[in-house]
Amino acid sequence: MKRITVLLAEDHTVVREGLRALLDAEGDIVVIGEAATGRQAVALTRKLRPAVVVMDLAMPLLNGLEATRQILKAVPGTRVLVLSAHGDDAYVERVIALGASGFLIKQTSAHILARAVREVESGNAFFSPSIAKRLHNHSEKSPDRVALLKRKGVRLSSREAEVLQLIAEGQANKQVAAELGISVKTVEKHRQRLMEKLDIHDTAGLTRYAIAAGIIESSVQMTIV
Amino acid sequence: MGRQALAMGMQTLDLARIHKQALASFVTQGYVPSARDGMLKRAEMFFIEAITPIEKTHRAAMEINVQLSQVNQMLRQRTEELAAANRSLKQEIVRRRVVEDALKKSQQHYSQLLEQSRHMQDQLRHLSHQLLQAQEEERKQISRELHDQIAQTLTGINVHLAGLKAEAIVNTKGLEKKISRTQRLVEQSVTIVHRFARDLRPTVLDDLGLIPALHSLMKDFTKRTGIHVRCTAFAGVEQLNSARRTVLYRVAQSALANVAQHAKASRVKVRIRKFEETACMEINDNGTGFEVERVLFAKRHKRLGLLGMRERVEMVGGSFSVESTPGKGTTIRTQIPLGNGKRI
Chain G
1 MKRITVLLAE
11 DHTVVREGLR
21 ALLDAEGDIV
31 VIGEAATGRQ
41 AVALTRKLRP
51 AVVVMDLAMP
61 LLNGLEATRQ
71 ILKAVPGTRV
81 LVLSAHGDDA
91 YVERVIALGA
101 SGFLIKQTSA
111 HILARAVREV
121 ESGNAFFSPS
131 IAKRLHNHSE
141 KSPDRVALLK
151 RKGVRLSSRE
161 AEVLQLIAEG
171 QANKQVAAEL
181 GISVKTVEKH
191 RQRLMEKLDI
201 HDTAGLTRYA
211 IAAGIIESSV
221 QMTIV
Chain D
1 MGRQALAMGM
11 QTLDLARIHK
21 QALASFVTQG
31 YVPSARDGML
41 KRAEMFFIEA
51 ITPIEKTHRA
61 AMEINVQLSQ
71 VNQMLRQRTE
81 ELAAANRSLK
91 QEIVRRRVVE
101 DALKKSQQHY
111 SQLLEQSRHM
121 QDQLRHLSHQ
131 LLQAQEEERK
141 QISRELHDQI
151 AQTLTGINVH
161 LAGLKAEAIV
171 NTKGLEKKIS
181 RTQRLVEQSV
191 TIVHRFARDL
201 RPTVLDDLGL
211 IPALHSLMKD
221 FTKRTGIHVR
231 CTAFAGVEQL
241 NSARRTVLYR
251 VAQSALANVA
261 QHAKASRVKV
271 RIRKFEETAC
281 MEINDNGTGF
291 EVERVLFAKR
301 HKRLGLLGMR
311 ERVEMVGGSF
321 SVESTPGKGT
331 TIRTQIPLGN
341 GKRI
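Keeping their order, the protein sequence lines are chains G and D.
Our numbering puts the first sequence at residues 1 to 225.
Our numbering puts the second sequence at residues 1 to 344.
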C-alpha cells in the first residue's frame, strides 16, 4: 500500500511528538522526517521529498512563512499544510498567497490532522472549520441570518434580520431604506422592533450582537494608498 | 590824626589819655571861662572826630571778628558733618560689600542648583527611556513565553488527549466524553493565552507589518465594541524601523482602548499619511471628548496612557498632540520621522 509521506516541521518537542503519534496511528500515513527549525525543514524537504510538509508558522531560524515560500519554490510537487496558533486573517491570506494548500489552527485540529493530510495530498485545499467559515463568508453575500439567530433563541423576521445586518454594517436609516427599497419610516419601525426583541438600545450594541451571532464579520473599511 | 594814631597802632584808650593830657595842660593856662567852654567844646569835637575812625575801624574789626568766628563755627560744623558723612559712607561701603559677597555666593549656589536640576532632568528622561524600552522588551518576552511555554504545552496536552481518545474508543464511551470535555477546556485556555499574548505584543507586527497588525487590532476593536472603524494608510509606512512601528501600534492601541472605555463614540477614523519626511497618524472619534489639560496633569493619572504615548513618541524623535472638546470628540495626532532611525 502506498503510504503518504509526511515531514513534520515543529519546534516545540511536546507538540511534535504528539503530532507524530497521531499520524503514526494512521495506516496510510508515514512520518519520514522531523525538523525543528525552518532551515532544517527546507533542507530535509529537499533531501527526503515528502508528499506533504506539515509546517508550524512560528519557528526559529527562518520562520514558517519564509520556509513555505522556499520549499514551494525548490520542490514544487510537495504540498504544504500550515499549522499555526494564530488564525489571524492576515496570516491566512499570506499563507494562501504563498501557495500553501491548507491552514490548521493548532490547538483545535488534532482530530482532523490526518484528514487534512489526505485532502491536501490529493490536491485539495483544507482549512480549520472556523477559518473555512470566514473565507466562505467573505465570498458569500447573505448568510442564513434567520437560522443563525434561531440558534441563539431569537425569532426575527427575515426583513428584521436584513435590517439588523445593514445597521450592524454601519449604514444609516436612509441608506438601509434605499438598499431594501422601503421607506425610512419602515426602517425605523423595524429598528425599534429589533431593539425591543433583542433588548439592545444602541447601534454599537446591535453591531456587537450581529458580529457575535455570526451575521456579519467584524470588518474595517481599509484603504491602502 | 585819628588815622595817624591808627597807623601808629594806638588804641582808643591811648588816644583818650593823650587828649586828656593835652586838655589838662591847655585848661591850666588860665583862660577866660567862656573861652574855656568854647575850647572844651572844640576839644570834645576834635576828640570825637579823632576817635571816630578808630572806633569805626575797631567796630569793623570786631564785626569781622564776629563774622570770622561765625564762619569758623560753620566750618567746624561742616567739618564735623563731613566726617560723619564719611564715616557712614565707609560703613555703607562695608555693608554693600557684604551684600555683594552674599549675592555672589547665592548666585553660585543657584547656578549649581540649576546645573543639578538639568542633570537630573536628563537622568529622568534617560531612565524613562530605558523604562519604556524595558517594558517593551519585557512584553516581548512575556508574549514569547506565553506562546512558547504555556500555549505550546497546552496544545501538546490536547494532541496527546487526541491520541488517548483514539485508544479510548476501544475501551469506554464515557472516557471518550471526558477526554473531549478536557480537550475543549484546553482549547479555551489556549485561546485566552493567545489573546493575552497578542495584546502584550502581537507577532503580526513583527512578521507581517504595521498595517496588518493595525487591521487585526481594529477588527478586534469593532468586535468588542460594535464601533465601526475606517482606516486609510499609505503603504510606505512599513519602511519605518521596528521601534517606530511599535510606537505607532502602541499609540493606536492606547487610543482605541480609551475610546472603548470612555468615549461613547459611534465612529472612529484612522488616517496614516506621508507628510514631508514623516509618517503622520491621526485617530479621530466622534465621542464625548474630554478636557485635555485636566486629564494630562491629573494627580491620579487615570489616563496614564496619554502621558505614556507622548513619552514613547518623543523617544523616537516624533511629536504628539491631543485635541479634544467635551461634546465634540477627540483627535490624537502622532508624527514620526520616516528616516533611518539613527536618532533615538
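Watch out, some of these pointers could steer you wrong.
[What the hints assert, rightly or not] Chain G stretches covered by chain D per the calculated footprint, using a threshold of three residues with CB under 8 Å from any CB of chain D: (1) 39–52; (2) 189–195.
[Said to hold, decoys possible] Over 12 Å on every C-beta distance to chain D, these chain G residues come out as not near it, computed from the model: (3) Thr13; (4) Arg20; (5) Gly33; (6) Asp56; (7) Ala58; (8) Gln70; (9) Arg94; (10) Lys106; (11) Ala125; (12) Arg159; (13) Leu180; (14) Ser183; (15) Asp199.
Hint data in this document are derived by calculation from the structure and do not stem from the laboratory.
Note that CB positions come from ideal geometry on N, CA and C, so glycine has one too.
Here's how the hints hold up against the structure:
Evaluation of the coverage hint for the segment 39–52 of chain G: breached, as 0 residues show C-beta separations to chain D shorter than 8 Å, against a requirement of three. Under the rule that three or more residues need a Cβ within less than 8 Å of chain D, the assignment of the segment 189–195 of chain G is violated, with 0 such residues. Not every CB of chain D lies more than 12 Å from the CB of G/Thr13, the least distance being 8 Å, so the non-interface label is violated. For G/Arg20, the non-interface assignment is contradicted: its Cβ lies about 9 Å from the closest Cβ of chain D, within the 12 Å cut-off.
The Cβ of G/Gly33 sits about 19 Å from the closest Cβ of chain D, beyond the 12 Å cut-off, so the non-interface label holds. Listed as outside the interface, G/Asp56 is inconsistent with that label: its C-beta sits roughly 10 Å from the nearest C-beta of chain D, within the 12 Å cut-off. With a least beta-carbon separation of about 7 Å from chain D, G/Ala58 fails to lie farther than 12 Å from that chain, contradicting its non-interface assignment. Against chain D, the non-interface label of G/Gln70 holds: every CB pair exceeds 12 Å, the least being about 16 Å.
Some Cβ of chain D comes within 12 Å of the Cβ of G/Arg94; the nearest lies about 6 Å off, and the non-interface call is violated. Listed as outside the interface, G/Lys106 is inconsistent with that label: its C-beta sits roughly 5 Å from the nearest C-beta of chain D, within the 12 Å cut-off. With a closest Cβ-Cβ approach of about 21 Å to chain D, G/Ala125 is found to remain outside the 12 Å limit, as its non-interface label requires. Residue placement check: G/Arg159 keeps its beta carbon more than 12 Å from all beta carbons of chain D (closest about 22 Å).
A cut-off of 12 Å between C-beta atoms confirms that G/Leu180 is not in contact with chain D; the least separation is 20 Å. With a cut of 12 Å on Cβ distances, G/Ser183 stays outside the contact zone with chain D, its closest approach being about 23 Å. The Cβ of G/Asp199 lies farther than 12 Å from every Cβ of chain D, with a closest approach of about 15 Å, so its non-interface assignment holds.
The structure fails to meet hints 1, 2, 3, 4, 6, 7, 9 and 10 from the earlier list, while all remaining hints are met.
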